[in-house]
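Peer 1: Given next are the chains, with one letter for each unit.
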Amino acid sequence: MKRLLPGWKKAVRLALVVSVLFGLYALTLARHDERARIREQPVTLTPGCADKLARYGLEAGPRYISPYVLARTEQANTRQGYSDEDVRAIQRGCNIIDDLQGQLAADPARERWNATRFVRGTHSSCDHCHQGIGDKQTAAGVPQTGSLSLAASWVMADMYDQFTGILLPYELRQMQCYINSSNGYKPNVADDLIRDVTAYSRFLAAALDLRFGNRYAEQGIDEVTASQTAKRGDDYVRGAALFKERCARCHGPQGLGTVVDGKVLFPAVAGPNAFNLQSRNNFSFVSTILPGFICRNMPPGEEGTLSNQDCRDIGFYVSNLPRPAGDKQGPLAALWQQLMMRVMPPLIHTVETWQRPGEPAGSGT
Amino acid sequence: MKRLLPGWKKAVRLALVVSVLFGLYALTLARHDERARIREQPVTLTPGCADKLARYGLEAGPRYISPYVLARTEQANTRQGYSDEDVRAIQRGCNIIDDLQGQLAADPARERWNATRFVRGTHSSCDHCHQGIGDKQTAAGVPQTGSLSLAASWVMADMYDQFTGILLPYELRQMQCYINSSNGYKPNVADDLIRDVTAYSRFLAAALDLRFGNRYAEQGIDEVTASQTAKRGDDYVRGAALFKERCARCHGPQGLGTVVDGKVLFPAVAGPNAFNLQSRNNFSFVSTILPGFICRNMPPGEEGTLSNQDCRDIGFYVSNLPRPAGDKQGPLAALWQQLMMRVMPPLIHTVETWQRPGEPAGSGT
Amino acid sequence: MTGMQPDAALAAMRDRQRAARQARRVVVTRGALAAAAVVGFVLWANFGSGRPVFSPHGTPETGWDAFRETYGVDTFGRDGYFVRAIQNGYNLVHHTHKYAWRFTRKGALDHPNACIDCHSAEALAYAFAASDRFDARLGRRVSFEEHVMRCYATHLDGFVPTTYDPAVRDIRIFARMVAHHLQLGEGALERTP
Amino acid sequence: MTGMQPDAALAAMRDRQRAARQARRVVVTRGALAAAAVVGFVLWANFGSGRPVFSPHGTPETGWDAFRETYGVDTFGRDGYFVRAIQNGYNLVHHTHKYAWRFTRKGALDHPNACIDCHSAEALAYAFAASDRFDARLGRRVSFEEHVMRCYATHLDGFVPTTYDPAVRDIRIFARMVAHHLQLGEGALERTP
Chain A
1 MKRLLPGWKK AVRLALVVSV LFGLYALTLA RHDERARIRE QPVTLTPGCA DKLARYGLEA
61 GPRYISPYVL ARTEQANTRQ GYSDEDVRAI QRGCNIIDDL QGQLAADPAR ERWNATRFVR
121 GTHSSCDHCH QGIGDKQTAA GVPQTGSLSL AASWVMADMY DQFTGILLPY ELRQMQCYIN
181 SSNGYKPNVA DDLIRDVTAY SRFLAAALDL RFGNRYAEQG IDEVTASQTA KRGDDYVRGA
241 ALFKERCARC HGPQGLGTVV DGKVLFPAVA GPNAFNLQSR NNFSFVSTIL PGFICRNMPP
301 GEEGTLSNQD CRDIGFYVSN LPRPAGDKQG PLAALWQQLM MRVMPPLIHT VETWQRPGEP
361 AGSGT
Chain B
366 MKRLLPGWKK AVRLALVVSV LFGLYALTLA RHDERARIRE QPVTLTPGCA DKLARYGLEA
426 GPRYISPYVL ARTEQANTRQ GYSDEDVRAI QRGCNIIDDL QGQLAADPAR ERWNATRFVR
486 GTHSSCDHCH QGIGDKQTAA GVPQTGSLSL AASWVMADMY DQFTGILLPY ELRQMQCYIN
546 SSNGYKPNVA DDLIRDVTAY SRFLAAALDL RFGNRYAEQG IDEVTASQTA KRGDDYVRGA
606 ALFKERCARC HGPQGLGTVV DGKVLFPAVA GPNAFNLQSR NNFSFVSTIL PGFICRNMPP
666 GEEGTLSNQD CRDIGFYVSN LPRPAGDKQG PLAALWQQLM MRVMPPLIHT VETWQRPGEP
726 AGSGT
Chain C
731 MTGMQPDAAL AAMRDRQRAA RQARRVVVTR GALAAAAVVG FVLWANFGSG RPVFSPHGTP
791 ETGWDAFRET YGVDTFGRDG YFVRAIQNGY NLVHHTHKYA WRFTRKGALD HPNACIDCHS
851 AEALAYAFAA SDRFDARLGR RVSFEEHVMR CYATHLDGFV PTTYDPAVRD IRIFARMVAH
911 HLQLGEGALE RTP
Chain D
924 MTGMQPDAAL AAMRDRQRAA RQARRVVVTR GALAAAAVVG FVLWANFGSG RPVFSPHGTP
984 ETGWDAFRET YGVDTFGRDG YFVRAIQNGY NLVHHTHKYA WRFTRKGALD HPNACIDCHS
1044 AEALAYAFAA SDRFDARLGR RVSFEEHVMR CYATHLDGFV PTTYDPAVRD IRIFARMVAH
1104 HLQLGEGALE RTP
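Residue numbers (our numbering), protein chains in the order written: chain A, 1 to 365; chain B, 366 to 730; chain C, 731 to 923; chain D, 924 to 1116.
Please note: incorrect hints may appear among the correct ones.
To be verified - Derived DSSO-like pairs (lysine-lysine); straight-line CA-CA distance at most 30 Å:
hint, chain 1, residue 1, chain 2, residue 2
1, B, Lys628, B, Lys551
2, A, Lys263, A, Lys244
3, B, Lys693, A, Lys231
4, B, Lys596, A, Lys231
5, A, Lys244, A, Lys231
6, B, Lys693, B, Lys551
7, A, Lys186, B, Lys596
8, A, Lys186, A, Lys263
9, B, Lys596, A, Lys328
10, A, Lys186, A, Lys328
11, A, Lys231, B, Lys551
12, B, Lys596, B, Lys609
13, A, Lys328, B, Lys693
14, B, Lys609, B, Lys628
What the hints assert, rightly or not - These stretches of chain D come out as covered by chain A in the derived footprint (C-beta under 8 Å, 3 or more residues):
hint, stretch
15, 1002–1010
16, 1018–1026
17, 1053–1059
18, 1092–1099
These are computed hints drawn from the structure, not numbers from a lab. Every residue, glycine too, gets a C-beta built ideally from N, C-alpha and C.
Input sequences plus hints: build the corresponding full structure.
Peer 2: This is the structure in structure tokens:
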């Protein structure tokens, strides 16, 4: 007994280990094949992407000539074309920017490379900050200054970044978006999620004829400093009043966003679904970034109607709303922010309903 | 014995306490009288102040007409004049701005209200940041944009300040300068040191005909953001090279300033005599303030020769040099900064001398 | 002790235990009541009282809206810390006995009982612009804040606030705002256009 | 033990104490020596070695200054991280066997042994501008970085660096800089003016 059983047991144990390993390997192969199949499947575009990519004449072929450039300069700018595979990558990239979490997709997880894995809230989509699907333009069709254009950002990638202390490639910059602006986790640098967005950004750069290493006004944010105001002090009391007046209609009275039928119409700027404390949006005391974003991009359709002081006041107020702590801020900060995010909104809601029973205490969620 | 001695002892003890209290009271009275005498004594002006106050026609009399305004507008702007006492307060205020630590004074402690009590290093003087004795002008005699003008700051005092969360009076703003920019301690709000500087600032506002609550370009700092550059990244390696080339001549190769015969010719921007980590100069990652100061005010006599990117690079480099920790940063940060300030400069000096024995390893101290 | 009978000792122990329990209950109840009183007061003060002293909003007194319009207060924003201070300054200047009752012994029936009875808004602005001068009578330089403090003590029969008190600060800010509206400069003379 | 004589036990104890002291001395000495070796190496590496791998400064190879001028590298600043990466890229492209010896088996005597033997700087820039395309032969989309990695493995008989390795990154940055100098856009064709 003592000699026979161990041998038999050993074999079973070994078989079990081998079969588990084999099972994992088979699973990996299956996932890999599924990815390959997804790459080959035709892409169902979001309405925004269908429109944008048609406008920019994205088609498979040996040469690409941008209709946008042609219309503006009356010169055909011939570029290397795209294969079917490239076109699908660009299309998927556009979908990701427009609708990261697949709220417009039939099969969100498959069509968006399971992007929700990398995001904590239910609101984040790239398009919230990178408006116009990463390519916002004025009514005249000119790229909007300070609109975080993906194309202009791609041609200026690899520059030294003082926040991370590295020469920041475009792919790693995308990771930061997932970590802080989406309050989530970073995808692998070679994940299709990252590569498709790069493909889309590169296509935009071709369609708009941006040149490498040039600075375009639509890149990043057109920052607004205190010295660009009448220096009457950034005041979150004024900011709160302005927020109620100009922003609450879409972002909700407490900045928690508007969701209808599981679709995010307007994203949260506070609370569990918002960007976190370590996002570049949120250097609360000395931020020139959030005010710059607001001044150039908000409210949609009425851009430029807020004064520099208004934007700084609103930015200061928004920075003071409760939101998730950043990854590097430790468990105590995270706990405190969670407490604030859970306790304050219902409390404020109750008080406001009580104090002004006549008024509707808030649309949105 | 037991009954007699205590009574005798008690009387001695009481007399001792009374005489100590009386002594303190007498000392207070003596100090008070000394202050009163100082206020009545004629003021020995620094050369800079003698020149400036003469140019602005400061004299005792029932009416004051600013020669500066008269020359520019050809209109006599009659204002309430100054008594002898007021004139001396203004003169002392000017001296304090020009030479806070009394390095040009015969009796520094008496002539500067013992200002060194409120400052840790031996370098700080208001004039280092508030150049032109708080009233910097271009060659054409126009106030220099972003030059931290005291007069323009006075007419815009009392605005909401987001760093302190209060409506910041001019006197409390001065205290902040002592705490952070001078890395020291705050004087009482009613101290002559504060009140004389206020008197001088008010006089400047009269001499320049600034109006209450108006924003003038010379107020504060003309901030420089990343979006005002070609977006090639703020880079402290470039900043270090630029510092060596453009700044080290005066501020020393490691930013420790230049002192000759006990007189600070150029102040430290790093090390124990510099502004501390909590100064508004030093929000290292996202600072738009130090670059703005550099661009508009440095190097003296060559203002405007540095590009926005240069200023940001230099600002980022300077912010990374060792300097004292701020009051709110706790003993560990203070200890670390002390270590860095004491160890790094000699080490770097040694290495640089060793590696480039031919070159002079550094002028200044 | 040793002389006690076992039963008596047991009863005494029980008594002591009961007394201890009772004492503990009293302490706990008192603590809970005190905490409830504090929390209740805070909630009442913030949400139920409606008293201006517990509210960050200024109380709109008669004439404030007209004043606001006439003097262009809105150039500093419709709301915000500075404007709230101006509004409190307006209230202090026009209803001193009500808003600075701690520093004045004059009540609603005395007259004059408010800054505005002696000084117009413009006069305060000019006083602010020409403050910080030597006062020969007092033998020292007197700031605008000190003038306000002296007014409380003398003409209003009251007590002296500190220089940091909103009852002083907000009158300064009020005067500063009026000075801005009149576009006064330092040392402006009231008769100068 | 109990059978031992007192003197012998004392001697044995002394022996043990001596051995313990000696062992402690050996440990301390070894530790001190190791620490000194580490500190010495760090000091030598930073200040005495002059080896480029321990220096933040790029090694100026022949032709770098001319290249720098011709291609306008100084628009990115005279020094700084980006320019240092370009310089390292220049060195990698022109002296691959020397600067990426970990990833190539070709030495100074083999030929071709550098990127520049097959690709001009311009060609690299155009390749960068048109990278990230589908490669029918490989059946997948290939990035510029992967092209570089494949070059190391095939034409240079070497090994594959990771996509994060400076041996890949700095060639990308080099190509990007040349593309900027030529003012190329995305997908630029080499024959297009």
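Peer 1: Are any of the numbered hints broken by this structure? If so, which, sorted upward?
Peer 2: 16
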